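Q: Chain by chain, the residues:
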Amino acid sequence: MPPFLYIFLGALAVVSALGVIIQRNPIHSLLALIATLMTVAILFIGEDAVVVGFLQIIVYAGAIMVLFLFVIWLLNLQVETGPTGHLALKFFGSLAAALLATELFFILAPPHLQVKFTHEPVGYGSLASLAGKLFTDYLVAFEVTSVLLLAAVVGSVALARRLPGTDDPRAARKAAS
Amino acid sequence: MTIELIAGAIKAILMILAGLSLSLFLLYFERKGSALIQDRIGSNRATITGLGKRMGMPNLGIINTSIADPIKMFTKEDFIPAGADKFLHTLAPFLSLFPVMITFVVIPFGDTISIAGHRIGLEAANLNAGALYLLATIGLGVYGAALAGWSSNNRWALLGGIRATAQMISYELAMGLAIVSVIMTFGTLNLQEIVRGQGGVWFGFLPRWAIFTQPLAFLLLLVAGAAESKRIPFDLPESESELIQGYFIEYSGGKQAVFMLTDFAEQALVAMLLTTFFLGGWQIPWLMRDGFHLPGGAFLALPALAVSLMGVVAFLVKVVLLCMFLGMVRWTLPRFRYDQLMRLGWKGLVPLGLFNVLVTAFVVVATGRVQ
Amino acid sequence: MIPLTYMMSLSAVIFAIGVAGVIIRRNILVMFMSIELMLNAVNLAFIAIGSRLGSMDGQVIVFFVMTVAAAEAAVGLGIIISIFRNRETVHADDLTLMRW
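Chains as they are written, first to last, in the working numbering: chain F, 1 to 177; chain B, 1001 to 1371; chain U, 2001 to 2100.
Just chain F, with the same shape it has in the complex (with noise of 0.2 Å):
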């Protein structure tokens, strides 16, 4: 990619990543955090890291952020009201952030950063180079992963439902009053 490619979807990602945390309405903050993953995205595919940048595209933006959405229209969230935090813990809040911004320059991109530059092997990025690896150095944390996912879609269904003989909640207290 060329770099003034890389400029324009840098600035692209940050000010959707802002616009994350800036919008009011959920939906807003949610459709701006998919900007932000597909820029992303696009960036990881200039890396040479094609397959992963789809399946970012795929993971990400095409079925989490749709869980995401979801959940907001369950709870039926608009505009948020009520407090959004006071002043000070957005002025303190900034400022942290900001100079953990400035740290994280520092450590992890020094002006004196040297990385050897190697050259990219044959395939590099490649859903066979990526398997290659999956599949032999990595089968043990693939295979965890995959009891992790069981664990986490058996945790989710127990958390959500509703167990019998306990009505809603809600329901209850509307009844009551």
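Hints in this document: simulated from the structure, not taken from any laboratory.
It is possible that part of the hints are untrue.
Partner residues aside, some chain B positions facing chain F, computed with beta carbon under 8 Å [stated by the list, open to error]:
#	residue
1	Ala1129
2	Ala1136
3	Gly1139
4	Leu1140
5	Ala1146
6	Ser1170
7	Ile1284
8	Trp1286
9	Met1288
Owing to the predicted nature of the structure, the values given are computational and were not obtained by experimental measurement.
Glycine is no exception: its CB is placed at the ideal position from the N, C-alpha and C atoms.
Given chain F, put chains B and U in place with the hints provided.
A: Okay, now just chains B and U, sitting in the frame of chain F:
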């Protein structure tokens, strides 16, 4: 380098135009074809100053559907309901059309042709991860319907949006599993190579199309594709009799036209996917690079350019036939109930797809086609 | 290829925005979205360094981060739904049951 860029741009535009004109054809077929099946006459009123009638031609309704209908739609008032989210309400139709349009560019519509010494592949973008690109763009199609339903500030629209989202998410899984088994059969994510892999014959007469090796995956993709494009019998998101019009109830004028265009373009896209993955794409049975090798041993030599162009025509014919088939399904079957839809998706198609992937994996390993 | 410094500072900025979101916003859902932002910033750093070292390990880690994020989103949203069902709020400051 430049000639490749120009050729790429031309091919992309051609492919998107092909998608749009297929949609227009489907609009016509939707009106007149359904009339034919249901023993009605269908639209036959609009003419241009009675020209065709004076020349003694029967009115086929072409002017009705391809000129009068779009003009009517685009000149209607573009209404945004009170309390709607104006920005998202305007964005949603385009958010649903855009992913479909950009998916067209990876579909291979022909073999290579040589122009001025350059070999140009007849696909707009020859991506090595083409199948992943496809799944990614199809996955993004959810947001158009979802946001249209939410931003309209209407209960029916929201219900339609929720239904559309849940349905598309559920059937994407079956679709992905069907595509995965085809990818495993051919060992590549590149759509052009998948189509190339379907050239040649088995036993001297049977074309090597994937429908013969992966019949279950074909059925899965057919059903899941019909559900993804929200067609009858899967049109619960926009069912007229219960949700009036579903997620685009509050849309009028040009924006509604964009939604209808998306519907037809999705149908064309599903037909293209089925053709590419299972029906040999641009391959014609027994046609090689140099000409026809008929099963009896007969041989008919053809120039290379003619073979390439015949491939493009064959691709279009297959796509149009599949579109017609999807249309016929639409006018034949009644609509599912929502729980039936979910049961079919999660308890029927997904386990079948997983089973198919498992069997394919065993066969691929057993035949020793793993590097 | 663009210098590593650029990608790293982009990652740092997005991460810091995520942190600011968790501190400033009081809506649990938006806080959750900010966490996703932070995960993405980290992924970006992994990919950028991995492609410069010519190593696939960075991409494998990102793959795992995505899987864990999916699991985390499912469980986290389940928790948010049950919180809402019991307390009818998604406002972090209203959840004071364990405070004294």
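Q: Would you mind marking each hint as holding or not holding in the structure?
A: Tested hints:
1. Ala1129: holds (5 Å)
2. Ala1136: holds (4 Å)
3. Gly1139: Constraint on Gly1139/B satisfied, holds at 3 Å.
4. Leu1140: OK, holds: Leu1140/B within 8 Å of chain F, min 6 Å.
5. Ala1146: holds (6 Å)
6. Ser1170: This interface hint is violated because 11 Å lies over the 8 Å limit.
7. Ile1284: At about 30 Å, which exceeds the 8 Å cut-off, the nearest Cβ of chain F leaves the hint on Ile1284/B violated.
8. Trp1286: Where the cut-off is 8 Å and the nearest Cβ of chain F is about 33 Å from Trp1286/B, the hint is violated.
9. Met1288: violated (29 Å)
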